[in-house]
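Peer 1: Respectively, the protein sequence lines represent chains E and S.
Per my numbering, the very first residue in the first sequence carries number 1; after that it's consecutive.
Per my numbering, the very first residue in the second sequence carries number 1001; after that it's consecutive.
Note that these hints are calculated values from the structure, not bench results.
Do not take every clue at face value.
To be verified - Which bits of chain S does chain E cover? Going by a derived footprint, with three or more residues having C-beta under 8 Å, they are:
no. : stretch
1   : 1239–1252
2   : 1395–1406
Stated by the list, open to error - Computed, partial: chain S to chain E, Cβ under 10 Å:
no. : residue
3   : Y1178
4   : G1215
5   : L1227
6   : L1228
7   : G1232
8   : K1303
9   : L1304
10  : Y1307
11  : F1311
12  : F1469
Glycine included, each C-beta is placed from N, C-alpha and C at the ideal position.
In case you want the letters, here they are:
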Amino acid sequence: MSGAQRKMSGSQKKRGGWSWWYLLFVLQFAVMLWPPIYNRAEPSVMGVPFFYWFQLSWVLIGAVFTAVVYFAADE
Amino acid sequence: MNWIALGIFVLLFGLISWMGFAAAHWRKGDLDQLHEWGLGGRRFGTLVTWFLVGGDIYTAYTFIAVPALAYGAGAVAFFAVPYTIMIYPLLFLAFRRLWHVCAKHGYITAGDFVRGRFGNRWLALAVTITGIVATMPYIALQLLGIQVVIGALGISGTGFAADLPLIIAFVVLAAFTYSSGLRAPASIAIVKDILIYFTALVAVIVIPAELGGFGKIFAAIPAQKLLLAVPGPHTTGAYSAYATLALGSALALFLYPHSLTGILSASSGHAIRRNAAMLPGYSFMLGLLALFGFFVIAAGIDKLPEYAEGFKQFGNNFAVPALLLHSFPSWFVGIAFAAIGIGALVPAAIMSIAAANLYTRNIHREFINKNPTDKQEARMAKLVSLIVKAGALVFILFVPTQYAIQLQLLGGIWIIQTLPPVMLGAYTRWFNDWALLAGWAAGTFAGTAMAIAAKLTPTYPLLVGGHTFPGYTAVYTVILNLGVAILLTPVFNSMSAGRVPADETVAADYQA
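All chains, full assembly: derive it from the sequences and hints.
Peer 2: As structure tokens, then:
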């Protein structure tokens, strides 16, 4: 490892490194990437099968997660 | 011929054409400089960025093709929803870093960044050519979106007359992009989105009411289209295909030159992160729009004789126009079609600007004229934006539509191969630049071969130990790409021992 690289990884730890709030993003990815969770028709809401309303509601959940991370981890 | 719809369509098109030219004076800058013409001077705040990036990634073709896929193939089309859910954490984390470093060093393209970060102009060239080649068919598909709505308005003819409306739309687009640069699509995107939101909200309330509610609509959908097929033994079936399509599309999205252009034109890193929380508004709408495909099935519109001609000419892509024609009065159809048509102009303009920036910065300046003046550079970019659009127009007029769609599919597989140097490059300089180039070559070659083997469909049935894993080729090949880059990095580093890796950026450049 060269001196320049060492300096870089050191300063990365200080600024903008890992935040536990990012686990919300991990959760979001995990749920979306596992179709067996939501590939079902019941329970349906107002005639809309689970498959559709569940994924649509995760759009909103994802937006809330991002907002939470924005305020909690980065400000 | 639908005169009222046509009149409103032409009126709205005239309005946005005027806006496109007037935009040259908006947040005025010296358009003889490339970052002013090609990035709007990096002056767009949170709200304009929201419209611009939204107009950029939720294109007319998306609004036509996603419901068309739902209509034709059913539940799998809904992968667009997890896809657009996953792009925002990536935007929030990785591409914000990229914004900072690009603003700091005056980078305009991904090629600029890779050149600065890795000091290897051949790696930058690979990223540049991939970007341009992946963008071209995408522009052609936007023009296809315009073509479908023009056809649905009942404008028909033979030979040159049939193509005339598309050519007029193209000339207008080319002219205001030339004169106003990125300011034109940014200002038009605001009008376009108001029209799109209006159309989508009205349609998603009115049509289900006409059809007797969502319960009746979903009840009319055949069972095999309603959900993903449950995989049989020894295969992950539709599940792995669905998940990898969503993941691969998400990873690829912001690597496209036009997405990056939209991001880099933001005025601050805050604007980027706020947008990561606000842009899902579009995802929600896209999810609702996907359901339009089901509305078509439930209403039996594809069986009606008056739309048979359209379905014959445009295939499933005619589903949304037919649904709108069937369900709404002429004036509303005019607004809705204008929304789709203008929704094609915005991304087409940004794409041609992005491709022009790439050529000008990373091919022309790197290899042909090393010391251009600002004015020469801006003029070159304007010229290239014209050439790129003319190429797309010729393509869509003279080459079968199917080729544009297949090339766009290949484009997704190609563009994701720039992920290691661009997205991971925003985090680490660990990789050896030649190893990245080897990885890129391996991924591009394998991706193309696998796509051809899969008869130009997006998913490839990967066979491992008697189990089949059908998945998006882009995901499989970017893993190969990464593997090659990781294996070769220590090898190439040891061959050039003592050479200090070139990197004109420092860690602090990636932060606020």
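Peer 1: Among the hints numbered above, which are violated by the structure, and what are their numbers in rising order?
Peer 2: 2, 3, 7, 8, 9, 10, 11 and 12
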